[in-house]
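*Asks:* Each chain is listed here by its residues.
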Amino acid sequence: MSYKIPMGPYHPGLEEPYKLDMICEGETVVDAELNIGFNFRGIEHLAETRNYVQVIALMERVCGICSFIHTLTLCQAMEKLTGLEAPPRAQYIRVVMAELERLHSHVLWAGIAAKLMGFKTMFMTCFALREKVMDVLQAISGNRVNYSMNHVGGVNRDIEDPIALVPMIDELEREMMRTVIPIFTTSSTARSRCAGIGVLTREQAISCAVVGPTARASGISQDLRRDAPYAAYAEMKFEVPVEQAGDVRARLFVRALEIIESCNILRQALARMAPGEISSAGEKLVFASGTATSRVEAPRGEVLYSVTWKENSRNPARVHVRTPTFANMPAVRWMVRGARLADTPLIQASIDPCYSCTDR
Amino acid sequence: MIALENLREKLGVAEPWVESHGAHWMNPGSASVRQVAKAMNAAGARFVTITAYELPADTGFRLEYHWDLQGWLLGVPFQIAGKSPDSAKSDSANHESAKIDSIVDLCEAADWIEREVHEGFAIDFTGREYVPLMLKPGDKPGVNLRVAPEQDEPASCPQGQQEVAK
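Heads up: the sequence lines are chains W and G, in that order.
Under my numbering, the residues of the first sequence are numbered 1 to 360, in order.
Under my numbering, the residues of the second sequence are numbered 1 to 166, in order.
The set of hints was computed from the structure by calculation and includes no laboratory data.
Please read all numbers here as calculations on a predicted model, not as lab measurements.
A hint or two may mislead.
Okay, derived cross-link-like pairs now, SDA-like style, lysine to any residue, Cα gap no bigger than 25 Å in a straight line [as the list claims (entries may be wrong)]:
| # | chain 1 | residue 1 | chain 2 | residue 2 |
| --- | --- | --- | --- | --- |
| 1 | G | K38 | W | K237 |
| 2 | G | K38 | W | R202 |
| 3 | W | K115 | W | T179 |
| 4 | G | K99 | W | R318 |
| 5 | G | K140 | W | L34 |
| 6 | W | K19 | G | V104 |
| 7 | G | K38 | W | E203 |
| 8 | G | K136 | W | G219 |
| 9 | W | K310 | G | W17 |
| 10 | G | K140 | W | E44 |
| 11 | W | K310 | G | R62 |
| 12 | W | K19 | G | D139 |
| 13 | G | K140 | G | E64 |
| 14 | G | K140 | W | H45 |
| 15 | G | K136 | W | L34 |
| 16 | W | K237 | W | G219 |
| 17 | W | K310 | W | V286 |
| 18 | G | K38 | W | E131 |
| 19 | W | K310 | G | K140 |
| 20 | W | K237 | G | L69 |
| 21 | W | K310 | G | G44 |
| 22 | G | K136 | W | I206 |
| 23 | G | K10 | G | A43 |
| 24 | W | K237 | G | G71 |
| 25 | G | K38 | W | K284 |
| 26 | G | K140 | W | N39 |
| 27 | G | K140 | W | T49 |
| 28 | G | K10 | W | E44 |
| 29 | G | K99 | W | E44 |
| 30 | W | K19 | G | E129 |
| 31 | G | K10 | G | G44 |
| 32 | W | K120 | W | I260 |
| 33 | G | K38 | W | T201 |
| 34 | W | K284 | G | K10 |
Working from the sequences, and respecting the hints, build out all of it.
*Replies:* Dropping the structure here:
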């Protein structure tokens, strides 16, 4: 006899507003139904009532963790409509901020995953590390969550002494290499909780068109930083980690390896930061009529903004946001099929879902 | 670019791809959305999203389908006729919701965005069943459609913000 176990609408572990109804036979999940929209904010519609300065502040609130990424993607689309291009130094600063945000997101995710595994000390270690990443972000932007770094045509704040940040990055990497990565990749607790569970095969991943670490853990080598470079990524040397197993452990490995790659990119960007201006924007922006699209590789995967403007208007006519969780979450249905009920919180967490973004 | 040209030839589209503001655009001509989706599947393109626009003066809607092929963002626009339910109040006999074929059976990844566009713009993706995605009991599809001007600004909007919003 099958029965339904509701998880949500507020996820007890992830503290996210969504509901997953799992249809179980005994302890085994045979299917699942997803419900979202509990905190729908209508941000896309609201954006049409905001001018080109206000809309950046608004879209920064789509996500509390990837706030920089959202303004970067929006500003890149708006730059295409205004014909502006951010100066080289601003492009480097954008890379630094984007990679720090990736570190922040991955370390935060590692902490939450550790908590769901019952690894509370690891949770505390990860969150202590996250504080250090946020210290760096604060040192650059003055803010710890919504950084207000981007505007159309550049960035708002310079990194006056980039080399001074390198020791902070080195220390972060040392801590990651010494504690977080070895424990997650080699400990028997992590292996027993993660290996072979929540499998998303390569074929399923292609069918669901998943993005980011979720795709790369299922053997799909896609990363916009390499495939469609933006900001100064074309000048950075880095690897795109890909795992084949498609299980929770593979997603964990991919993120662990991405932490190391992010540190490499950060060192390159800080060392090679071009001198010069940080903005090319004039006093008033003139938008051409039309639609511009921009994509960025956020920590959770591809973010797309499609922005439409009418000439001489101060407000966008339409802003459409496709967030990575919107692409990844439907795949959870495949991941939980056949799983033990007790494993499902960790399986859901393994895609690093963000419902703030999804319920934009 | 060979892959893009192959796609165009396969669909029998005469006009070339046009690169504009971050995407490569193809006017599908007489090709249907399902034919485009099949061609994209055959080319190994990854579905990205659908962006819906409400066109002015009840001329219908524009749906932009996006795929990723080898790092290129592809855009294929479809314009569909249809009036919003709001405008149909005065002429309900002529009201017909906008329709376009669903591609969910060809592209599983389009499921959520088709449901979201249906709920936001009351566009009917034919050939599929709907399970509410964001709508809650009592809500009706079309929550993102433009409303009459006097309803455009919420009463609680502060005076300063109303000025800026204009």
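*Asks:* Of the numbered hints stated earlier in the document, which are not met by this structure?
*Replies:* When the structure is compared with the hints, numbers 1, 8, 18, 19, 21, 22, 25, 28, 34 turn out to be violated.
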